[in-house]
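Given the structure of chain A, go ahead and fit chain B onto it with the hints provided.
Taken in order, these protein sequences are the chains called A and B.
Be aware that the first sequence starts at 0, since it is given in numbering that gives the first Met the number 0, and climbs by one per residue.
Be aware that the second sequence starts at 0, since it is given in numbering that gives the first Met the number 0, and climbs by one per residue.
In short, the hints are calculated from the structure, not lab data.
It is possible that some hints are incorrect.
Note that the list lumps identical chains together, so a pair holds whenever it fits in one copy or between two copies.
Below are the DSSO-like pairs computed for lysine-lysine, each with C-alpha atoms no more than 30 Å apart in a straight line [claimed, not checked]:
id	residue 1	residue 2
1	2	129
2	184	194
3	129	1
4	129	194
5	2	41
6	41	158
7	152	194
8	129	149
9	95	184
2 protein chains.
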Amino acid sequence: MKKIITISRQFGSGGRSIGKEVAEKLGYAYYDSELVLQVAEKTGLHPSYIADAGEYAPGKSILSYAFSSGISPGSMNASDYLWSAQCSVIMELAEKGNCVIVGRCADYILREREDCLNVFIYADKSYRAKHIVERYGVTDKSPEKRLEEKDSKRKTNYKYYTGRNWGSVENYHISLDSGVITPEKCVDIIVELAK
Amino acid sequence: MKKIITISRQFGSGGRSIGKEVAEKLGYAYYDSELVLQVAEKTGLHPSYIADAGEYAPGKSILSYAFSSGISPGSMNASDYLWSAQCSVIMELAEKGNCVIVGRCADYILREREDCLNVFIYADKSYRAKHIVERYGVTDKSPEKRLEEKDSKRKTNYKYYTGRNWGSVENYHISLDSGVITPEKCVDIIVELAK
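Same shape as in the complex, but just chain A:
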């Protein structure tokens, strides 16, 4: 029985929806944007900074957010501060009980626990491009460019804080191509494995 399921995912792979449905089917708590709010509370950082920098940027300037949140960056390294807050919130949530956690390097943060199932969801570029346009609409940038930028930021952030390669098979217990396997079957497989 796996109490905690962490889901890491390529942008546009539908990993978040898969995580949400897994949580519903298992009756587990689901953490994603809620996590952001809890970290915000703990750190005093602005939620929009956390949502962005928490997965995407080591060393990203905090200045633009600092004004809106009223905190002063001073000499503190905002990314490292955020990372450590994120670690402790994720560890607390894992202690609280059964849950699904999407993103935020949770697979790495909870690596000492034996009750975690670590999942990676990915898909090929054309599938993901279609998916992000359906979900987030069209922007000035091509969908391919948006995918590249987002994935590259996740990769850099993961490497910086964990020393591991994001999307490398060894970090996870199971990796699923949602474009081929289909999101529905991904959900079924993860639910079955958690039991």
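The following block gives chain B in isolation, referenced to the frame of chain A:
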């Protein structure tokens, strides 16, 4: 319905046994050592050369084998010759009907087909070390050293002929940690997905 299942695997992960059982459960043909014999017939190369070099060595010297098989290496590049024979045998086998193919870069060779399910089986080092000692016994080399050498050769060979990174998540539709998921559940998941 997936007609062809390719299984790539880390040494000692039990991927071969998993493949065999999947084939039995689905009533599919199973190719592994048989593949070697078919390639041998096609090429005139010695089966022991094929078994070894077919997955492990671009540019490996054919001399030691040439004497026993009676062929003359001359100026021919034995690895490339073997690779091209292996490709055509695998494509022929795939044409013949439902099958499970273990190793031999079959995921790459059959990449144009849409009826393939590409699987990668891996596990952490301690699990695999235990497994190879149980299966192949103790040798002068430590199990860890044996794992490293074998995986590194597979990696080099795969990269050389496919241009891809062996064990990189994107090459496969599903990747499974047999040490955590258990071989039995790996079999069930693959069988279920093939249907």
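Violated hints, by number in ascending order, as checked against the structure: 7
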